[in-house]
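Work the whole structure out from these sequences, hints included.
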Amino acid sequence: MAAHSAVQKRKRNVSILGEVYAILVYAILYIPVVVMMIFSFNNQRYNYYWSGFTTQWYAKLFSNSTLIGSLWYSLIIAVLSTVISVLIGTLGALGLKRYEFRGKRFINNMLYVPIIVPEIVLAVALLIIFMRLGLSLGLGSILIGHCTFCIPYAVVTIRGRISGDGDSLEEASMDLGANRLQTFLRVTLPSIMPGVMSATFLSFTLSIDDVIMSNLLAGAKNSTLPVLILSMNKSGVTPDVNALTTLMILVIVAGMLLNSGIRALIKKRSSRAEAL
Amino acid sequence: MSESIVSLIDVEKRFGSNLVVRKMSLEIQRGEFLTLLGPSGCGKTTTLRMIAGFEDATSGIIKVQGEQVEDKEPYQRDVNTVFQNYSLFPHMTVYDNVAYGLTIKKVPKEEIRRRVTEMLALVQLAGYDKRKPDALSGGQKQRVAIARALINNPKVLLLDEPLGALDLKLRKQMQIELKRLQKKLGITFVYVTHDQEEALTMSDRIAVMNAGILEQVGTPMEIYQYPKTRFVAGFIGESNLFDGTVKAVEGNLIQVETSAGLLTTCGQGFQPGEEMHVSIRPEHLEISREPAEGFALPGKIKDFTYMGTMVKTALDMADGSELKFSRFEHDSRLREGDPVYVFWRPEKSVPIKKSAT
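The listed protein sequences derive, respectively, from chains A and B.
If you read the first sequence in this note's numbering, its first letter stands for residue 2, the second for the next number, and so on.
If you read the second sequence in this note's numbering, its first letter stands for residue 12, the second for the next number, and so on.
Keep in mind the hints are simulated off the structure, nothing from the lab.
Check before you lean on any hint, since a few could be wrong.
Unchecked claim - Derived DEER-like restraints, expressed as beta-carbon distance ranges:
| hint | chain 1 | residue 1 | chain 2 | residue 2 | range |
| --- | --- | --- | --- | --- | --- |
| 1 | B | Gly52 | A | Leu18 | 57 to 63 Å |
| 2 | B | Phe315 | A | Arg99 | 52 to 58 Å |
| 3 | A | Arg99 | B | His341 | 55 to 61 Å |
Claimed, not checked - Some residues of chain A that are not near chain B, with every Cβ distance over 12 Å (derived):
| hint | residue |
| --- | --- |
| 4 | Glu20 |
| 5 | Ile24 |
| 6 | Tyr27 |
| 7 | Met37 |
| 8 | Gly93 |
| 9 | Met111 |
| 10 | Gly139 |
| 11 | Tyr154 |
| 12 | Gly161 |
| 13 | Ala179 |
| 14 | Pro191 |
| 15 | Asp210 |
| 16 | Leu251 |
| 17 | Arg264 |
The model shown is predicted, which means the values in this text are computed figures rather than measured ones.
Positions of the beta carbon are idealized from the N, C-alpha and C atoms, including for glycine.
The following block contains the structure:
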């Protein structure tokens, strides 16, 4: 009995310690973000001390055409490279999982190279190739750069979702009269959809967040948002950047809440259907 | 009336250097329940998959309703399959699974609703239409798979060990239901199993396969009573098998010299000096204290096994082989270790030609 309660006591101590630890970790992760968001309403130019509430930076942000322009540029690149990477990644994952062909193992191993190799190496390599080929730097070169590291992530993420018995599901579909395209759209794609969604989010995040490729392969004209912010760092980041990132975080948080809300709704509905 | 709906003509299937199905020819009649029976790896599932169109035959001709189908995709063939692992679409409800074939064919929604409801009632799953496959038991999944295939009114339904994953009691019940369903609908069933008991109870005809070769095709009774090859005799039910050489032929009676001793069987077309096999069921074996005429098979009683209604006796023979002998009642005069002579009524045994291979 005594030993029992001692164990319980220790367990309780551990759990309190664990809670404190978890709170600390989250605090360290999120306090800077919160501080940054607060300073987006700071009534002065520098992010050092608080001098009063204002929304002027939000107004300023929308008139800052360089900042807004680079945001659009980043978004366009992120959307395009995500679409391209997920398309190629889906087909690649299916091919690598379903079919046997010569060099399959080689391709499987080579897949991890762009993930492991430091991005700067890849970026320099691409830069050299583009110069050699005489290609002008810009949107196209950044897109190619982003795709080189997004595609492997997409393939790996989607491949994990392709189940071993997918083959027989496709056979069942064709047996029931569906041709290959109908089978892909109605059976294969829905079954790997969670993987495709993960790959989409991952590719988008990797692309919009990227600095090294975007910087080296950008050319003279436009730069993406992270590159622009980084260059502003020399003269000090202005609070309109705070305002912009605050808005971005709000959009992301809203998106996540919406996503989990939809999931909960679907779960509720399907469990109600099962109960019937 | 006997009109073949599926024809296999000299069909062969090779995986690399591995010949999985050899020169197989088989006519499947309209409306029959035909079982492809054999041990695992005998090529029965491959044969089924060639009919369905999932595997291409390496050579030979496959016809469905008189039409060659080798170059047709699975979705162009008038056959449907019930898969061993059910292969239900996990992201669809039971209703959508069953409706799949009709949806693809763009049948009007109202008709789909009517036919799915009808089909679910037929397989006793009315009211389950909104469930996902995950929320079903093994037996229920199997019924959905059957409904999903049958709703397309296939000319032939192919079933690949459909009851393999079910427990014994449920399997027995589903065997009866499947057979009833087949009779009611009049659809040709081609059923693959390795379970000989299942094959014997359900089939109109059984095609026994071994190592890619079609050994024998016949009614369950023919297969059981008159096995044509040594493999069939050993695979279907329990049997005692002898390998020997014909010593003498007298009318129908054939005397055979085996390593266990001399025996007599009954049949035609055997020549003295010819090698052959003889099969005798345990229930047809007889034993006595004295050798019977035409037999010299001395042995010793090894042990008894009580099986409820049956008593099985194992006999040790002179050449070290073991014979099985079974009776409904135990003969109390017999003791373990007793020397006995084995014989049988020659017409109860089955003479089997030694096969060329």
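Hint check results:
Between B:Gly52 and A:Leu18, the C-beta spacing of about 58 Å keeps the proposed range 57 to 63 Å intact. As the Cβ distance of B:Phe315 to A:Arg99 is approximately 56 Å, the hint placing it in 52 to 58 Å holds. At roughly 60 Å, the beta carbons of A:Arg99 and B:His341 sit within the given window of 55 to 61 Å. Once the 12 Å rule is applied to beta carbons, A:Glu20 is consistent with being away from chain B; the minimum gap is 35 Å.
Every Cβ of chain B is farther than 12 Å from the Cβ of A:Ile24; the closest lies at roughly 37 Å, confirming the non-interface assignment. The non-interface label for A:Tyr27 is consistent with chain B: the shortest C-beta to C-beta separation is roughly 35 Å, beyond 12 Å. The beta carbon of A:Met37 is kept farther than 12 Å from every beta carbon of chain B, the shortest such distance being approximately 41 Å. Against chain B, the non-interface label of A:Gly93 holds: every CB pair exceeds 12 Å, the least being about 22 Å.
Every C-beta of chain B lies more than 12 Å from that of A:Met111, the closest at about 27 Å, which supports listing it as non-interface. For A:Gly139, the non-interface assignment is confirmed: its Cβ lies about 42 Å from the closest Cβ of chain B, beyond the 12 Å cut-off. Every C-beta of chain B lies more than 12 Å from that of A:Tyr154, the closest at about 24 Å, which supports listing it as non-interface. With 12 Å as the threshold on Cβ separation, the claim that A:Gly161 sits away from chain B holds: the shortest Cβ distance comes to roughly 16 Å.
Not every Cβ of chain B is farther than 12 Å from the Cβ of A:Ala179; the closest lies at roughly 5 Å, contradicting the non-interface assignment. Consistency note on A:Pro191: stated as away from chain B, yet its beta-carbon is not over 12 Å from all of that chain's, at 5 Å minimum. Chain B leaves A:Asp210 outside its interface by the beta-carbon criterion, the shortest separation being 32 Å against a cut-off of 12 Å. Taking the minimum C-beta to C-beta distance to chain B, about 33 Å, the non-interface status of A:Leu251 holds against the 12 Å cut.
Non-interface status of A:Arg264 relative to chain B is upheld: no Cβ of that chain comes within 12 Å, the nearest being about 15 Å off.
This entry does not satisfy hints 13, 14, going by the numbered hints stated previously.
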